[in-house]
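Participant: Each residue of the sequence shown is one higher than the one before, counting from 449 in the working numbering.
Read the hints as simulated data drawn from the structure, not as lab findings. Keep in mind that this is a model prediction, so the values were computed, not measured. Be a bit skeptical, because a hint or two may be false.
The following label-pair restraints were derived from C-beta to C-beta distances [said to hold, decoys possible]:
id: 1; residue 1: 591; residue 2: 509; range: 38 to 44 Å
id: 2; residue 1: 586; residue 2: 621; range: 33 to 39 Å
id: 3; residue 1: 487; residue 2: 591; range: 22 to 28 Å
id: 4; residue 1: 588; residue 2: 526; range: 33 to 39 Å
id: 5; residue 1: 555; residue 2: 521; range: 32 to 38 Å
id: 6; residue 1: 587; residue 2: 512; range: 42 to 48 Å
id: 7; residue 1: 579; residue 2: 618; range: 38 to 44 Å
For each residue, glycine too, the CB sits at the ideal point set by N, CA and C.
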Amino acid sequence: MLDMTERRKWLPDEVLRASGETAPNRYCPSYPARFLVENELVNGRILDFGCGHGFDVEYFLNHGIEAMGWDPVHRPEIPPEMYPQGYFKWIHCAFVLNTLPYSDQRLDILVQIHNLLPNDGRLILTLRSSQELIRKVKPVWKKFGDGYVTSRGTFQKGYTPAEAVELIQPLFAEITIINENPVVIIAKKSDLARG
């Protein structure tokens, strides 16, 4: 576990491993995974980026969707950079960015996701809401940057829907807010060449 009380810049691998420590043991699919399946939105291969224990991957597979998952702690075997650009039509990224303590690390993940998608690719992004985080903050949590270091030594940041849109707008367009708590957004990859 990281010593997040230090004011040093953590290495990306350390941050991703600490982020992976936040993965819950769930026994049912996440809300965004259910939303995609129930609304028959996935029309191609999907990558669950930061899949934790892989429950959503299994859910997608059980519903006939070609799905793969990657997590730096629980499923590190095939990292996303091993896939060619455009291999995944959809990327599902749930509760990953809110566990990263630095804005440049969040942007790096979004750039990586953007680069994996084809021109018409879609992202479904889920973030812990500010509203939920305020309710969950414990007295032993320490303020750090724009979030908190938890008693487990992991980082958590909450987002409003507007902050989430602002976060992804440089790389994604056609942004639709599906839910506010947690914040769930579907967006299409932007063509950066058009500026």
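Participant: Against each hint, give a clear statement of whether it holds in the structure.
Facilitator: Against the structure, the hints come out as follows:
Distance hint for residue 591 and residue 509: a CB-CB separation of about 40 Å, consistent with the stated range 38 to 44 Å. Restraint check, residue 586 to residue 621: a C-beta distance of roughly 38 Å satisfies the suggested window 33 to 39 Å. With their beta carbons about 38 Å apart, residue 487 and residue 591 fall outside the hinted range of 22 to 28 Å. In this structure the supplied range 33 to 39 Å holds for residue 588 paired with residue 526, their Cβ-Cβ distance being about 37 Å.
For the hinted restraint 32 to 38 Å between residue 555 and residue 521, the CB-CB distance of approximately 22 Å leaves it violated. Here the CB-CB span from residue 587 to residue 512 is close to 47 Å, well matched to the stated 42 to 48 Å. Restraint check, residue 579 to residue 618: a C-beta distance of roughly 25 Å breaks the suggested window 38 to 44 Å.
This entry does not satisfy hints 3, 5 and 7, going by the numbered hints stated previously.
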